[in-house]
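Number of protein chains: 2
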Amino acid sequence: MIKVVGWGVGNMGRGILEMLLKKKGIEVVGAIGRRTGVGKDIGDLLGYDNPVGIKVENDAEKVLAETRPDVVILSISSYVRGVMDEIGICARYGADVITIAEEMAYPYRTEPELSMEIDSLAKEKGITVLGTGVNPGFVLDSLIAALTYGTRSVRQIKARRVNDLSPYGRTVMEEQGVGLSEEEFLEGVRGGRIHGHVGFLQSIPMIADAIGLEYDEIIETREPIMSTVERRTDLVDILPGMTAGCSHSAVAFRNGVPVIILEHPQQVMPELEGIETGDFIDIFGDPDLHVVIRPETPGGIGTIASAVNIIPQVLSSPPGLHSMMDMSIPHCIMDDFRNHVNKGGYIREGAKRDLGKDT
Amino acid sequence: MIKVVGWGVGNMGRGILEMLLKKKGIEVVGAIGRRTGVGKDIGDLLGYDNPVGIKVENDAEKVLAETRPDVVILSISSYVRGVMDEIGICARYGADVITIAEEMAYPYRTEPELSMEIDSLAKEKGITVLGTGVNPGFVLDSLIAALTYGTRSVRQIKARRVNDLSPYGRTVMEEQGVGLSEEEFLEGVRGGRIHGHVGFLQSIPMIADAIGLEYDEIIETREPIMSTVERRTDLVDILPGMTAGCSHSAVAFRNGVPVIILEHPQQVMPELEGIETGDFIDIFGDPDLHVVIRPETPGGIGTIASAVNIIPQVLSSPPGLHSMMDMSIPHCIMDDFRNHVNKGGYIREGAKRDLGKDT
Numbered sequence: 001m002i003k004v005v006g007w008g009v010g011n012m013g014r015g016i017l018e019m020l021l022k023k024k025g026i027e028v029v030g031a032i033g034r035r036t037g038v039g040k041d042i043g044d045l046l047g048y049d050n051p052v053g054i055k056v057e058n059d060a061e062k063v064l065a066e067t068r069p070d071v072v073i074l075s076i077s078s079y080v081r082g083v084m085d086e087i088g089i090c091a092r093y094g095a096d097v098i099t100i101a102e103e104m105a106y107p108y109r110t111e112p113e114l115s116m117e118i119d120s121l122a123k124e125k126g127i128t129v130l131g132t133g134v135n136p137g138f139v140l141d142s143l144i145a146a147l148t149y150g151t152r153s154v155r156q157i158k159a160r161r162v163n164d165l166s167p168y169g170r171t172v173m174e175e176q177g178v179g180l181s182e183e184e185f186l187e188g189v190r191g192g193r194i195h196g197h198v199g200f201l202q203s204i205p206m207i208a209d210a211i212g213l214e215y216d217e218i219i220e221t222r223e224p225i226m227s228t229v230e231r232r233t234d235l236v237d238i239l240p241g242m243t244a245g246c247s248h249s250a251v252a253f254r255n256g257v258p259v260i261i262l263e264h265p266q267q268v269m270p271e272l273e274g275i276e277t278g279d280f281i282d283i284f285g286d287p288d289l290h291v292v293i294r295p296e297t298p299g300g301i302g303t304i305a306s307a308v309n310i311i312p313q314v315l316s317s318p319p320g321l322h323s324m325m326d327m328s329i330p331h332c333i334m335d336d337f338r339n340h341v342n343k344g345g346y347i348r349e350g351a352k353r354d355l356g357k358d359t
Numbered sequence: 001m002i003k004v005v006g007w008g009v010g011n012m013g014r015g016i017l018e019m020l021l022k023k024k025g026i027e028v029v030g031a032i033g034r035r036t037g038v039g040k041d042i043g044d045l046l047g048y049d050n051p052v053g054i055k056v057e058n059d060a061e062k063v064l065a066e067t068r069p070d071v072v073i074l075s076i077s078s079y080v081r082g083v084m085d086e087i088g089i090c091a092r093y094g095a096d097v098i099t100i101a102e103e104m105a106y107p108y109r110t111e112p113e114l115s116m117e118i119d120s121l122a123k124e125k126g127i128t129v130l131g132t133g134v135n136p137g138f139v140l141d142s143l144i145a146a147l148t149y150g151t152r153s154v155r156q157i158k159a160r161r162v163n164d165l166s167p168y169g170r171t172v173m174e175e176q177g178v179g180l181s182e183e184e185f186l187e188g189v190r191g192g193r194i195h196g197h198v199g200f201l202q203s204i205p206m207i208a209d210a211i212g213l214e215y216d217e218i219i220e221t222r223e224p225i226m227s228t229v230e231r232r233t234d235l236v237d238i239l240p241g242m243t244a245g246c247s248h249s250a251v252a253f254r255n256g257v258p259v260i261i262l263e264h265p266q267q268v269m270p271e272l273e274g275i276e277t278g279d280f281i282d283i284f285g286d287p288d289l290h291v292v293i294r295p296e297t298p299g300g301i302g303t304i305a306s307a308v309n310i311i312p313q314v315l316s317s318p319p320g321l322h323s324m325m326d327m328s329i330p331h332c333i334m335d336d337f338r339n340h341v342n343k344g345g346y347i348r349e350g351a352k353r354d355l356g357k358d359t
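Going down the list, the protein sequences come from chains A and B. Note that the UniProt record's numbering has the first sequence beginning at 1, numbered continuously upward. Note that the UniProt record's numbering has the second sequence beginning at 1, numbered continuously upward.
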């Protein structure tokens with residue numbers, strides 16, 4: 001069996017454990033938490049009737065030493081700095097790392113030194129490290145790159161991901177500046193408390209490096225989405241004239257011309273103003289391509305699924321820090337996960353390990 | 001430079017040569033034809049004002065011996081049997097092979113013995129062999145698999161590719177049964193002259209093996225698309241009551257339940273009856289996903305582009321017969337193709353060769 005430890009038992013971490021428990025060829029051997037849920041059986045955490053037999057522990061070293069997992073899925077932070085120590089611990093125990101930390105999807109631009117440090121450590125210890133998720137990691141970067149496969153040239157890429165923030169918790173509402181006056185929102189952006197989406201500085205370089213598009217600078221803008229109607233959820237009550245969310249976008253320019261334009265307006269209940277959610281991808285080149293995914297690829301479920309579905313590619317990759325663009329075409333897995341390890345062309349001969357190894 | 005030979009100078013082969021000539025880091029070192037164009041400079045064939053300096057030759061062995069290409073792009077047949085000898089010749093000269101032969105996109109189901117033969121030969125001679133194209137190879141298989149990345153489970157896949165046959169030549173019109181009475185069409189299907197799309201028996205197993213979906217049987221149907229209006233092109237004049245094309249579909253069943261449903265109605269001028277072309281992909285699972293590419297990913301240009309864009313992955317792959325599912329995420333390339341060789345995770349350490357090698 002592929003032995004997996006889930007590190008982080010927040011919404012995403014719990015969702016990942018739940019998915020792992022349902023998949024064939026995978027054995028959940030441990031769960032690591034900081035405070036919430038520590039000492040509880042993960043079955044209890046997931047609302048199961050019966051215990052699973054795995055308790056959430058807060059001593060990561062102990063869990064890894066005792067269980068020797070093939071891979072650890074890290075769901076504890078959005079930032080490279082927030083997972084550095086944890087990657088170091090996983091490396092010590094020879095466990096591959098999959099993380100949903102947004103910055104880790106393509107950390108080379110925002111954290112070049114730390115990226116090199118992770119890559120060196122991973123190679124030294126023989127582990128693979130990958131950041132993934134739905135966005136960044138897929139919809140606004142590796143999927144866009146894949147969609148250009150049938151084009152002879154690409155001049156400009158424009159993509160817009162319109163989603164609904166309603167399912168998310170209080171932290172997200174605060175980071176997106178929901179339920180404020182316009183002045184409060186702008187003040188929050190200036191102060192850095194309202195930062196919108198974490199991922200544009202990963203997605204743009206990932207696309208650009210993959211396709212070989214050059215750009216001089218990336219300009220990000222964060223604008224309030226002002227509601228003209230009342231929008232009410234369990235967490236916020238937005239009156240007309242208040243913010244429903246943040247329209248965050250990033251544009252990569254080459255000689256003043258926009259080359260990659262990514263827009264991600266995130267708001268609570270967009271349907272109340274007749275706005276349909278969706279992923280809208282336009283590739284301008286030879287030929288043009290217009291892609292619509294409606295409603296949008298779900299962010300939460302999609303990130304959970306991506307972290308689990310990529311396990312075979314990560315286990316089959318050579319040591320080092322990688323991005324989704326280094327992986328063989330990713331996909332959902334319905335049969336035994338072990339069938340997919342060392343299966344592909346690169347994988348078959350590039351494999352670095354046998355499963356079930358114990359060091 | 002990456003040295004490439006184009007083998008086949010029909011519509012697709014010429015398009016591939018034209019694209020190769022525009023790309024950085026690639027040197028077209030030879031062109032092989034059977035009859036058409038033999039002796040002519042490829043610039044002449046492509047309608048350029050000036051010669052390129054490469055003549056189409058019909059002695060393949062001589063071209064490969066003299067030019068020692070890194071990769072040969074084969075555009076001469078739709079079938080595995082139609083490229084076996086040519087792959088053998090490329091193997092003798094140590095050249096990797098990319099082919100747009102539809103059956104080669106995933107030849108394991110329809111030609112298991114020949115697939116094994118190609119794989120053994122490729123490994124013995126240290127070459128990589130890949131079949132690709134827009135369909136099969138991308139839109140109705142590897143792209144669908146990629147789109148499931150953010151799903152926790154997949155229950156059923158339904159995809160429909162609606163295109164316009166008008167740009168195609170006489171052979172395609174005949175294979176699709178355009179401009180006939182209903183009786184003539186059905187007679188042509190029974191006799192095997194009208195076969196519709198070549199690719200369902202590749203795409204369905206490719207998706208099913210990737211995701212791990214089981215099926216018991218694949219049922220193909222070919223039905224006439226009867227025109228109710230006049231549709232007139234340079235090649236055919238379709239009167240009301242005559243066939244405008246072939247609606248070809250394939251369904252994979254598991255215990256009587258359709259698991260994968262692929263439909264590819266191909267006709268001349270669908271817009272005359274208000275039919276929009278497009279690629280429509282519906283994934284039913286957890287969660288569902290609905291993707292629309294409108295108009296459809298172009299077949300001809302897309303296949304040309306795919307054969308060229310995949311060169312770095314093929315050069316970086318270990319020896320053997322591979323499919324698109326073994327490749328790292330494919331994409332258009334706008335900078336020097338050499339930047340993309342041995343770049344990815346698998347690729348970096350799995351590379352089998354240096355470019356510009358001479359044996």
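Don't read these hints as lab results, they were simulated from the structure. Wrong hints could be hidden among the right ones.
It does not matter which identical chain is meant; a pair holds if it fits inside one copy or across any two.
[Stated by the list, open to error] Computed cross-link-like contacts, DMTMM-like style, restricted to lysine to aspartate or glutamate with a CA-CA straight-line distance of at most 20 Å:
no. : residue 1 : residue 2
1   : K3        : E27
2   : K40       : E175
3   : K123      : E263
4   : K24       : E182
5   : K22       : E214
6   : K24       : E111
Consistency of the hints with the structure:
1. Taking CA atoms no more than 20 Å apart as the test, K3 paired with E27 passes inside one copy only; the shortest distance there is 5 Å, against 47 Å between copies.
2. For a Cα distance limit of 20 Å, the shortest separation of K40 from E175 qualifies neither inside one copy, at 30 Å, nor across copies, at 65 Å.
3. In this homomeric assembly, K123 and E263 never come within 20 Å of each other (Cα to Cα): the closest approach is 36 Å inside a single copy and 46 Å across copies.
4. Within a single copy, K24 and E182 get their C-alpha atoms no closer than 50 Å, and across copies no closer than 49 Å, so neither meets the 20 Å cut-off.
5. For a Cα distance limit of 20 Å, the shortest separation of K22 from E214 across copies, 18 Å, qualifies, whereas the shortest one inside one copy, 43 Å, does not.
6. For the identical chains of this complex, K24 and E111 are neighbours neither inside a copy (36 Å) nor across copies (30 Å), given an alpha-carbon limit of 20 Å.
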